[in-house]
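There are 4 protein chains.
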Amino acid sequence: MAGVDGSLSAAPPSPTQSLEKQFDVFKAQLEESGTLRERIRHVVSEIESTTRVMYASLLLVHQSRPTPELLEKAKSQIDVLKGKYNQLAEILGEHPGQYYRYHGDWRSETQTVVSLLTLMHWLETGSLLEHNDAQEKLGLNGPEFSLDIEDYLVGVCFMSNELPRYVVNQVTAGDYDCSRKVLKFLTDLHAAFRMLNLRNDFLRKKFDGMKYDLRKVEEVYYDVKIRGLSSNGESVGDQGIEG
Amino acid sequence: MAGVDGSLSAAPPSPTQSLEKQFDVFKAQLEESGTLRERIRHVVSEIESTTRVMYASLLLVHQSRPTPELLEKAKSQIDVLKGKYNQLAEILGEHPGQYYRYHGDWRSETQTVVSLLTLMHWLETGSLLEHNDAQEKLGLNGPEFSLDIEDYLVGVCFMSNELPRYVVNQVTAGDYDCSRKVLKFLTDLHAAFRMLNLRNDFLRKKFDGMKYDLRKVEEVYYDVKIRGLSSNGESVGDQGIEG
Amino acid sequence: MAGVDGSLSAAPPSPTQSLEKQFDVFKAQLEESGTLRERIRHVVSEIESTTRVMYASLLLVHQSRPTPELLEKAKSQIDVLKGKYNQLAEILGEHPGQYYRYHGDWRSETQTVVSLLTLMHWLETGSLLEHNDAQEKLGLNGPEFSLDIEDYLVGVCFMSNELPRYVVNQVTAGDYDCSRKVLKFLTDLHAAFRMLNLRNDFLRKKFDGMKYDLRKVEEVYYDVKIRGLSSNGESVGDQGIEG
Amino acid sequence: MAGVDGSLSAAPPSPTQSLEKQFDVFKAQLEESGTLRERIRHVVSEIESTTRVMYASLLLVHQSRPTPELLEKAKSQIDVLKGKYNQLAEILGEHPGQYYRYHGDWRSETQTVVSLLTLMHWLETGSLLEHNDAQEKLGLNGPEFSLDIEDYLVGVCFMSNELPRYVVNQVTAGDYDCSRKVLKFLTDLHAAFRMLNLRNDFLRKKFDGMKYDLRKVEEVYYDVKIRGLSSNGESVGDQGIEG
Chain A
55 MAGVDGSLSA
65 APPSPTQSLE
75 KQFDVFKAQL
85 EESGTLRERI
95 RHVVSEIEST
105 TRVMYASLLL
115 VHQSRPTPEL
125 LEKAKSQIDV
135 LKGKYNQLAE
145 ILGEHPGQYY
155 RYHGDWRSET
165 QTVVSLLTLM
175 HWLETGSLLE
185 HNDAQEKLGL
195 NGPEFSLDIE
205 DYLVGVCFMS
215 NELPRYVVNQ
225 VTAGDYDCSR
235 KVLKFLTDLH
245 AAFRMLNLRN
255 DFLRKKFDGM
265 KYDLRKVEEV
275 YYDVKIRGLS
285 SNGESVGDQG
295 IEG
Chain B
55 MAGVDGSLSA
65 APPSPTQSLE
75 KQFDVFKAQL
85 EESGTLRERI
95 RHVVSEIEST
105 TRVMYASLLL
115 VHQSRPTPEL
125 LEKAKSQIDV
135 LKGKYNQLAE
145 ILGEHPGQYY
155 RYHGDWRSET
165 QTVVSLLTLM
175 HWLETGSLLE
185 HNDAQEKLGL
195 NGPEFSLDIE
205 DYLVGVCFMS
215 NELPRYVVNQ
225 VTAGDYDCSR
235 KVLKFLTDLH
245 AAFRMLNLRN
255 DFLRKKFDGM
265 KYDLRKVEEV
275 YYDVKIRGLS
285 SNGESVGDQG
295 IEG
Chain C
55 MAGVDGSLSA
65 APPSPTQSLE
75 KQFDVFKAQL
85 EESGTLRERI
95 RHVVSEIEST
105 TRVMYASLLL
115 VHQSRPTPEL
125 LEKAKSQIDV
135 LKGKYNQLAE
145 ILGEHPGQYY
155 RYHGDWRSET
165 QTVVSLLTLM
175 HWLETGSLLE
185 HNDAQEKLGL
195 NGPEFSLDIE
205 DYLVGVCFMS
215 NELPRYVVNQ
225 VTAGDYDCSR
235 KVLKFLTDLH
245 AAFRMLNLRN
255 DFLRKKFDGM
265 KYDLRKVEEV
275 YYDVKIRGLS
285 SNGESVGDQG
295 IEG
Chain D
55 MAGVDGSLSA
65 APPSPTQSLE
75 KQFDVFKAQL
85 EESGTLRERI
95 RHVVSEIEST
105 TRVMYASLLL
115 VHQSRPTPEL
125 LEKAKSQIDV
135 LKGKYNQLAE
145 ILGEHPGQYY
155 RYHGDWRSET
165 QTVVSLLTLM
175 HWLETGSLLE
185 HNDAQEKLGL
195 NGPEFSLDIE
205 DYLVGVCFMS
215 NELPRYVVNQ
225 VTAGDYDCSR
235 KVLKFLTDLH
245 AAFRMLNLRN
255 DFLRKKFDGM
265 KYDLRKVEEV
275 YYDVKIRGLS
285 SNGESVGDQG
295 IEG
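Protein chains in written order, with the numbering used here: chain A, 55 to 297; chain B, 55 to 297; chain C, 55 to 297; chain D, 55 to 297.
Because the hints were derived from the structure by calculation, they are not lab data. Fair warning: there could be bad hints in the mix.
Copies of the same chain look alike in the list, so a pair counts if it works inside one copy or between any two.
The calculated lysine-lysine pairs, modelled on BS3-like cross-linking and capped at a C-alpha distance of 27 angstroms, are [said to hold, decoys possible]: (1) K265 x K127; (2) K136 x K265; (3) K238 x K75; (4) K136 x K279; (5) K75 x K279; (6) K129 x K279; (7) K279 x K81.
Starting from the given sequences, assemble the full structure and let the hints guide the process.
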């Protein structure tokens, strides 16, 4: 392998040396990627414990009507989340174009975050928190770090899973009209999802589950109507039965 | 390998002899451990058949209101259990520091024991049998042999799994208020568990199942309320239909 | 939800309309992403059939000494591959920052490509085709579309899997020295990989398999040496039997 | 639940309060156990990287005769390991009787440690490192923290797995007598293991694998003998064939 001409110039590296040099580079790069992953994981675990606190507050809506105080307590955590996503965005900002390389590391937690934000928003307004507004609440409106649409949609499905239980408890507590409102919302949401051409994947499976939420809420609304418990004049339902 | 100088001193053992001697020791120790396991297994199988007797008695609460006689019959077995755990403690007492070595051999049966004790206690008092009280009932308050907290908590989860069926049957039998009482108990229990930072293991999985128990009991309570069957007259329920 | 004051201003959209509008956007974006995936899949399937052609040519090295003609035939496909990767790069170039979003769609095929390129290079030179050189051969040296290091390393592991069979067949054909050369190469490669701190994932699993390749080649080299078949006359081998 | 006599004494805690208090205790205990596990895991990961360094050195015995220098390099890490096990013992020493509770957390790494120690010892002396000597090397001779016998035996099985490859490479390098020595050692070891009454578990499965190591070494010894390659006068084997 030494220079054929026997000149004084340095011999080229042997294959073994060249191999080792190559793998030194790989080692450095794999370690850099491992360190980055560690940093991401640290922030994500903080996001996760923040959502646990928010969820514990929001769970109380199953025991009573959602009071402004209860919502305020959960909402106070949104800025904490925003700070964490800001940290994530900074970390990823050092590695342009690698958002989707590490996306799997915060995906599931972000879906939970969306489910909480959309539930809170629905409790306050009765409508769906839009994708843009969710992004803004989390400060995810940069060009490099945004809220993946599929994650947003999975989060909305998770939020839908919470609604049947909410309706059952609210009706139990005497808020009969709640079933009508939730049914309207879920019916529209389900119809909107049906427009999407979903591939055969996780999102599709989650959406398939929404059908059961809708069915359960329909049954509660049926119970309320058949017993003439709906409070307001809009509903004419039970007349046929009672007449 | 014999002494090079041909002296009178005994030759050191050959590697083969030394190996055999070693393995004789291992054989003795593995057999001792095997015998110990056999003894534990024998007692545990008796614990298991005692819990089967208790469970058979307790199952009758699904068919009628829990009478004192029914509970007495199950309670009479507690002292049998205490005797068995005493035997276990004695066996393990001969092997200090090895409680957790063999723990897996009585773990699952002890979780069942806890589920039965806590169910009986709840039927009598409406509250959760505390860990210390469960230990005392089983005579497990020595320093060497106690009731592992995770086993206690898994047992409590198993007890929770029994409650939806109990509520359904009690309401069927006309005890409408039962659903409210169980719902209160389970809601508190679920909230208390949520405070724990559970690792992603068996206990966490069991706790995740408690959510379904809670949901089911909420639905029974909902049925009772919406039909105006709760005793306190709050609701007006089915009058439209029945009138 | 319409303006309460009945003014002339346009009514804000109802929640249902707003929901539909949102989902129209999602629909468009999911379809765009689906179309992109289709385009990628089309190119990848062409890469896949090109590698099948190359592999069919290279397989012939197991039947005879690798002739220049045989290698030329496989090498002639490299430019075809380069063209395909160029197409992929163009498609992805329209969607900056999304390389890793769709990476899974060409990953496995690219690992196969690397295994073929490194095998050809080894047959010609006896050394490992470096990452940079592999990139250059495929025209993957742009800033946006490059050869992922882990894919390169997995491809190298696949190439290693081919070597035991190659050695067996070459020795059978009388090229006894081949086992020594492959053993040297694989020993160095295995040692270099051991320096990497691999996470417990796909690459690690593939690397673990390299140990068996090494062991198998060692056994072939052993057979050659013990029979005195190696060219350099060191060994005296089978004389007792043959004499 | 308030005092029946209506006295001024403080009311007993409500069931909910009492439940919360209980779970506060559980939370603290689970967290303590979680923290302990973290500390153990930290030390164990250091043990693991030390064994990786040792293994990298020892692997070189496959490429050449084991020189004293090569063994010295690996042996220099034993004191590092001893220090780590000392840390483990200190951590567990704070929690008497809980060795086996956390045993699973260092089990697998300790089996690897034993495989390395016994391999080094065999390379130096040709005999099996005894259990007591292994304990002493690791400073594991305290009453509370010792080397579990089953872990020791599994480690010995792992060491046996390394021997066929070693024999193949040594014979290739011309050390024909190596096969006889390893065969003697493995035959004795296998016979000793056969004396043990192993339950149907992990250790039994590992021991079952030793049969293949023995078979492989027998085949190498056969190759050496049948070709008359064994160097010393002891072996009379081939006479029947050659005569």
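Against the structure, the hints:
1. Proximity of K265 and K127 under a CA criterion of 27 angstroms is satisfied inter-copy only: 23 angstroms between copies versus 31 angstroms inside one chain copy.
2. For the identical chains of this complex, K136 and K265 are neighbours neither inside a copy (32 angstroms) nor across copies (29 angstroms), given an alpha-carbon limit of 27 angstroms.
3. For the identical chains of this complex, K238 and K75 are inter-copy neighbours only, at 17 angstroms across copies versus 65 angstroms inside a copy, given an alpha-carbon limit of 27 angstroms.
4. With identical chains, the CA atoms of K136 and K279 are never at most 27 angstroms apart, being 42 angstroms at best within one copy and 41 angstroms at best between copies.
5. Taking identical chains as interchangeable, the C-alpha atoms of K75 and K279 are never at most 27 angstroms apart, the minima being 76 angstroms within one chain and 31 angstroms between chains.
6. In the homo-oligomer, the alpha carbons of K129 and K279 never lie at most 27 angstroms apart, since the shortest distance is 34 angstroms inside one protomer and 32 angstroms across protomers.
7. In this assembly of identical chains, the alpha carbons of K279 and K81 never lie at most 27 angstroms apart, being 67 angstroms within a copy and 35 angstroms across copies at closest.
The structure does not agree with the numbered hints 2, 4, 5, 6, 7 stated previously, though it agrees with the rest.
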